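Asks: Work out the full structure: start from the sequences and follow the hints.
Number of protein chains: 2
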Amino acid sequence: MSGSNIANFPSPGERTAREGNRMRVVMIGSGNVATAFAMSLKQCCQVVQVCSRTLANARTLATKVGAQAITNLKNIDLTAHVYIIAVGDDAIAGVLNDAPATDGLWIHTSGSTPIDVFAGKRRRYGVLWPMQSLSKSNVTPMRDVHLFAEGIDDATTREVTTIAGAMSRNVHMVNSHDRLRMHLASVFACNFSNHMYTLAAELLHDAGIPFEAMLPLIKTTVEKLDSMTPAQSQTGPAARGDSSIIDRHMQMLDGDKRDIYNLLTRSIISHTKSGE
Amino acid sequence: MSGSNIANFPSPGERTAREGNRMRVVMIGSGNVATAFAMSLKQCCQVVQVCSRTLANARTLATKVGAQAITNLKNIDLTAHVYIIAVGDDAIAGVLNDAPATDGLWIHTSGSTPIDVFAGKRRRYGVLWPMQSLSKSNVTPMRDVHLFAEGIDDATTREVTTIAGAMSRNVHMVNSHDRLRMHLASVFACNFSNHMYTLAAELLHDAGIPFEAMLPLIKTTVEKLDSMTPAQSQTGPAARGDSSIIDRHMQMLDGDKRDIYNLLTRSIISHTKSGE
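Chains as they are written, first to last, in our numbering: chain W, 1 to 276; chain S, 1 to 276.
Just so you know, the hints here were simulated from the structure itself, not pulled from any lab data.
All values reported here derive from a predicted model rather than from experimental measurement.
Check each hint, because a few of them may be wrong.
Since the list gives no way to pick out one identical chain from another, each pair is judged satisfied if it fits inside one copy or across any two copies.
25 Å max Cα-Cα, derived DMTMM-like pairs, lysine to aspartate or glutamate [what the hints assert, rightly or not]:
1. Lys219 to Glu202
2. Lys64 to Glu202
3. Lys273 to Asp259
4. Lys64 to Asp153
5. Lys64 to Asp256
6. Lys74 to Asp206
Replies: This is the structure:
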């Protein structure tokens, strides 16, 4: 297939008439991103294979999308239009070494692996990164997830963008450098904030209080971001410089919670001072 | 006044008829909690004085609620029914030393100062803690804020609960010990998670990307908590043990962001392992 075939990706309305011509996708990986992408793409494409090192995992996803489950990259369908690599970043280069080269479009889904990982190994390639914390039981419809697309040249970028547009209404183009910065920022905003909830849940559990009691507080903290910057909305003993409370809290903590409390309190104090 | 006067606190419907009998409140403090409480209480009470060490701050709040602004605790209205201390925890004991004793009900609003701070200094006292990150431009209506009430005896607890019920529909009773644990948990869940947003905003700013681009991700992270625990919904390079990405991120960071990334990554890894 040529790039223009992908650029002329059938719209939902055309799909039924062209059922036999649907874009054929090989999904490499069976984790959170692979599952979310495959489940979304099956609406408009034919997911022909799911490849995972663990057969049971490949089968779980393959069954959901009506695909063949395979474990060996040598067995990928050489006639597919698109190959999506949704594996841990550590494993992307290995996939490219092990899988045969094909005429199709190769796409990885990593926020932090540059597009260069394909250089010299594939001809047509790009990146499609969901700036979202995807999980298998994802609560955000893929239509609402922000997807960031990059291609090795203009034609490929258009192809990646078209595929992205079939999944989500929020498609943006971003280069590898800015994507890596966004990914790092999202680790702070999402992964690290979520870990704060985990530590809070443990503290509440020790006091016999269900975590749900804290959800209104957590939601209000986030709602404030609609109208002010996080620096403006920072509250609490560190922002107030309330050393008496800070000391009392420190006495209640040990282990990594104590180290984290200490480091984050110092960081908030230094940010509050520099922002005054 | 006696405790039963407060227990018979006029309902909104009775207010107009009993305008002259409204509960008289002295607000000590002019910060976020003092402002949110005074603005809410003026609907049903008469806020007679706002006392703050800085006259301008006292005046700002006093003007909003139709109260007298004072700076000297010696000048508080001795005939008020309720005295609310909404100052930094460090300053509560000082307020109790400096302000004359009165027949009214004394209430502090701290999550982390035990009720004992009043012992030997006042006769009728309690605590009314908003488990909420309040700010002067608060987005959560006080009716929705969860308030945690404690009184020195049953009658006082009822009085504090009645005042709380005039402000919010979410009133709970909690003792000092559990309140301190909840307060500590809320520092992690709210103050520390918000600081993660601040650091993410700085990283995005360096890349020329507006913080708003990350709001959908942040909101999804929180929405997941309606259906799973934060430990279950943890994602990202640390949860995956993706050392290649972690190394790449570390190379992009310096200063406190680098220390925080390193410590939180190690904490997530150890939690993920222990949860497997």
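Asks: All hints are to be evaluated individually against the structure, with a verdict given for each.
Replies: Comparing the hints with the structure gives:
| no. | hint | verdict |
| --- | --- | --- |
| 1 | Lys219 to Glu202 | both (19 Å within a copy, 22 Å between copies) |
| 2 | Lys64 to Glu202 | neither (35 Å within a copy, 41 Å between copies) |
| 3 | Lys273 to Asp259 | both (21 Å within a copy, 19 Å between copies) |
| 4 | Lys64 to Asp153 | neither (34 Å within a copy, 60 Å between copies) |
| 5 | Lys64 to Asp256 | neither (40 Å within a copy, 44 Å between copies) |
| 6 | Lys74 to Asp206 | neither (51 Å within a copy, 42 Å between copies) |
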